[in-house]
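Student: Protein sequence lines, in the order shown, are assigned to chains F and A.
The numbering of the first sequence is this note's numbering, which starts it at 36 and goes up by one.
The numbering of the second sequence is this note's numbering, which starts it at -9 and goes up by one.
Keep in mind the hints are simulated off the structure, nothing from the lab.
Misleading hints may appear alongside valid ones.
[To be verified] List of simulated lysine to aspartate or glutamate pairs, EDC-like, C-alpha gap at most 20 Å:
#1 K443/F with E427/F
#2 K216/F with E7/A
#3 K443/F with E33/A
#4 K286/F with D546/F
#5 K2/A with D392/F
#6 K42/A with D593/F
#7 K32/A with D392/F
#8 K40/F with D53/F
#9 K195/F with E7/A
#10 K42/A with E461/F
#11 K222/F with E7/A
#12 K195/F with E67/A
#13 K42/A with D546/F
#14 K42/A with D228/F
#15 K2/A with D593/F
#16 K353/F with D506/F
#17 K2/A with D204/F
#18 K216/F with E37/A
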Amino acid sequence: MAEKKEYKVIGTRPIRHDGVDKVTGRALYGADFQMTGLLHGRVLRSPHAHARIISIDTSRAEAYPGVKGVVTAQDLPEAEDRVADLGEGAVNLKYLCDNILASDKVLYKGHAVAAVAATSPHIAEEACTLIDVEYEVLPPVLEVRQAMEADAPLLHESLKTTSMGEAADEPSNVASHIQHKLGDPEKGFAEADIVVERDFVTGTVHQGYIEPHNATAHFNQDGQLTIWCSTQGAFTVREQVAEILQYPISKIKVVPMEIGGGFGGKISVYIKPVAALLAKKTGKPVKVLMNRADVFEGTGPTPASYVRVKMGATKDGKITAAEAYLAFEAGAYPGAPVGPGAMCIFAPYSIENVVIDGYDVVVNKPKTAPYRAPGAPNAAFGSESVVDEIAEKLDIDPLEIRLLNGAKEGDRRADGPIHPRIGCIETLETAKAHPHYTAPNGKKHHGRGVASGYWFNIGLESSVTINVNSDGTINLIEGSTDIGGTRSSIAMQAAEVLGIPAESVNPSVVDTNSVGYTAVTGGSRTTYATGYAAYEAAQDVKRKMSARAAKLWEVDEDNVQFADGEFSCINGKEEQISFRDLCARLGETGGPVVGSGTVNPGGAGGAYATHVVDVAVDEETGKVEILRYTAVQDAGKAIHPSYVEGQIQGGAVQGIGWALNEEYIYDDEGTMTNASFLDYRMPTCLDLPMIDAVIVEVPNPGHPYGVRGVGEVPIVPPMAAIANAIYDAIGVRMTELPMSPDRLLKAMGKI
Amino acid sequence: MPTVVIPPLMRKFTGGEENITLPGATVREVIDNLESRYPGIKERLCEEDRLKPGIAIYINGLLTRGSFLERVDTDAEIHFLPAIGGGVAEPSH
């Protein structure tokens, strides 16, 4: 389906449509939202990581001057113990509601217990201290392997391990077990000349979006609920709020404000239903804002994990078998991304014999949320480190061994499906030919590492409407919140169809009452699926405009063709009219033209990346410095190369932070001791060189322009690439993230 | 006829067989025919008239919406896989 042709708009780099508003500070974010009579909400959070709630007394808070309402879980409709399919995924409603406001137990420090609406944020905060909660403190379990032990404290007395639809008899912290198997792993390992097996541990890491969560809710007199908020998916907010409040979706309108980062962390709802509850109770609009500590302690990070990888290869480097054990921390409620981790771990390779076991395990930490390629980085840290070790032991170039075993079209993934056209080999070849890879790197304590990564990408539903203006421009209405420049990448696909400049498209992200259902901005799906919907909507406009040209020229529609922005007559008449000129004649040819496109495409093409990194390790301090970083990635077709490069650079930088610095540090009671950006160390521009982003284009056959999602895979390779570079520098295999100075010093035997 | 690839954790129903070829023009027909041949397997995959949450269908490598009405080609390969949790790709409608 993908066209191989020269494009006029696609592949260019126009200024983003929302650029002026963003750089001048005029763009409106959730915290900017104001209404007459607005109240301010504040959430009281648990000081304990694991405790039973004996009682909650809100009377002192309710009596405090300026307080207009207090809510607890008692104000939520009784949640059914059933699983609902929401835009965010299948969710047990009781778990979902309990994560919004704890009913019987608190399961992590920071778990929401109650909320206050008052005339000022300060009064609301003060009133929270007047809510008396009596707890029976229970021992927390804070690490996945401890949580899996038979005598571990149970978070949920009714939780039993499920394995493909079958539940175990006894309660456990292990929510589910999955397995993928291909061929005969035992036989594969017997054929190997070398087998490498290692354990890996990764820490709990937050997405670190700059804008904290926010929500303002208002109930009209007629019962219409409106929520203005920062979200990756207005429709999934609507679905989740409807289920939590047991309120009809037709009575809820969600207005997505501009979003200051999400990376997966703004799909789940936290304070949106709370704002709605407070608005209902007080009869006033209520705004709830999180601070940074709330974000760290009360929203979903990506999970810590324990990963064991075993791989075998022949002397000439052919990988004969692979085995993985993945145990991921789900946080307080089931739902760790161990499934994606299991899907992705060996996807860069063609291996005949594979077995992968994955475990979703609850622990007393915030319920995990998606974070860029959720699960895949944890898994790849293990597999890509082991591949590197095999290459080193066999004295084979690390990119060469990846090329030798690289996944190709027609190969079967470990989880079963067969790869369609993919660009794994092309990213490896590009990395190998890059000047970075061939540059000298021989200084003492300097090292070079490489790693590859895979993310499958998703499709899901998207809707776009196009209104044609009389001056030759179009208004493009979409439901995908714009996190990374997708207004432009979507607009450009419509512009390409209609032969008009990108600047002639006015894209708008609108509320849930104003556009067809659109799934979340996540899974690297937006430029792919909403772009596909824009393509279809533009095709609809093209058909309707062709009919108008036919009417103008008094010919059959079959006699009109469209190319390069011009309609022309092909029945011998010398008629021709540009899209722009025809727009001016809509009134006389039948009135307004509106096009629409709705898609639910299944052909999201998986994306591969290969990264090369040079590091210097300071022998005295254990600090790792990134000297040079090159990230090669298959984008299918880069609609707007600048934004593809931006995604690649952003993903690589977040991966560098995950690799070297970032982690939740807990005390024995389960309190996060570094819940601020001063102590939770994300990389800044001072820590990093320019990331050299290299785009490879292997078109995805499942998209008209060949688009593959690009936002997630760049975070998959960095941890292993850096670990491999550290090994090259100092001869020590790092198997625990982050590879912080103290861990480096320990590994080097300095402390 | 379509081929169903049985998940490793469910192969006890099929005596260890991985690939089962059986008739069916829709997902519903394939599952019903699977149940006829291996009684009890449908209960593991479905509840009421839909897939269980946590299980996804891939047809020819493409994630479907999990609808029983989905049509399958005569040479289709069908996988029942753990649905992608963690909020990334669960069929929702």
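Student: Hint by hint, note whether the structure agrees.
Tutor: Hint check results:
For a cut-off of 20 Å, the pair hint linking K443/F to E427/F is broken: about 24 Å separates their Cα positions. About 13 Å separates the Cα atoms of K216/F and E7/A, which keeps this hinted pair within 20 Å; it holds. Only pairs whose Cα atoms come within 20 Å are accepted, and K443/F paired with E33/A is rejected, the gap being roughly 36 Å. Distance hint between K286/F and D546/F is fulfilled; the C-alpha atoms sit about 13 Å from each other, no more than 20 Å.
Note on K2/A and D392/F: the hinted pairing holds, with a Cα-Cα distance of about 17 Å set against a maximum of 20 Å. As the CA atoms of K42/A and D593/F are separated by approximately 48 Å, the hinted pair breaks the 20 Å bound. Pair hint K32/A plus D392/F does not hold up; C-alpha atoms about 23 Å apart against a cutoff of 20 Å. Note on K40/F and D53/F: the hinted pairing is violated, with a Cα-Cα distance of about 29 Å set against a maximum of 20 Å.
Distance check on the hinted pair: K195/F and E7/A sit about 27 Å apart at the alpha-carbon level, beyond 20 Å; violated. At roughly 38 Å between alpha-carbon atoms, K42/A and E461/F are farther apart than 20 Å, so this suggested pair is violated. This hinted pair checks out: K222/F and E7/A have alpha carbons roughly 18 Å apart, not beyond 20 Å. Distance hint between K195/F and E67/A is unfulfilled; the C-alpha atoms sit about 32 Å from each other, more than 20 Å.
Between K42/A and D546/F, the direct Cα distance comes to roughly 31 Å. Violation of the 20 Å bound is thereby established for this hinted pair. Using a Cα cut-off of 20 Å, the hinted pair K42/A and D228/F is violated, with the two alpha carbons roughly 43 Å apart. For the hint pairing K2/A with D593/F, the CA-to-CA distance comes to about 59 Å; that exceeds 20 Å, so the pair is violated. Between the alpha carbons of K353/F and D506/F the distance comes to roughly 61 Å, so the proposed pair goes past 20 Å and is violated.
Among the hinted pairs, K2/A with D204/F is consistent with the structure: their alpha-carbon atoms are about 18 Å apart, no more than 20 Å. As the CA atoms of K216/F and E37/A are separated by approximately 25 Å, the hinted pair breaks the 20 Å bound.
When each numbered hint is compared with the structure, violations occur for hints 1, 3, 6, 7, 8, 9, 10, 12, 13, 14, 15, 16 and 18.
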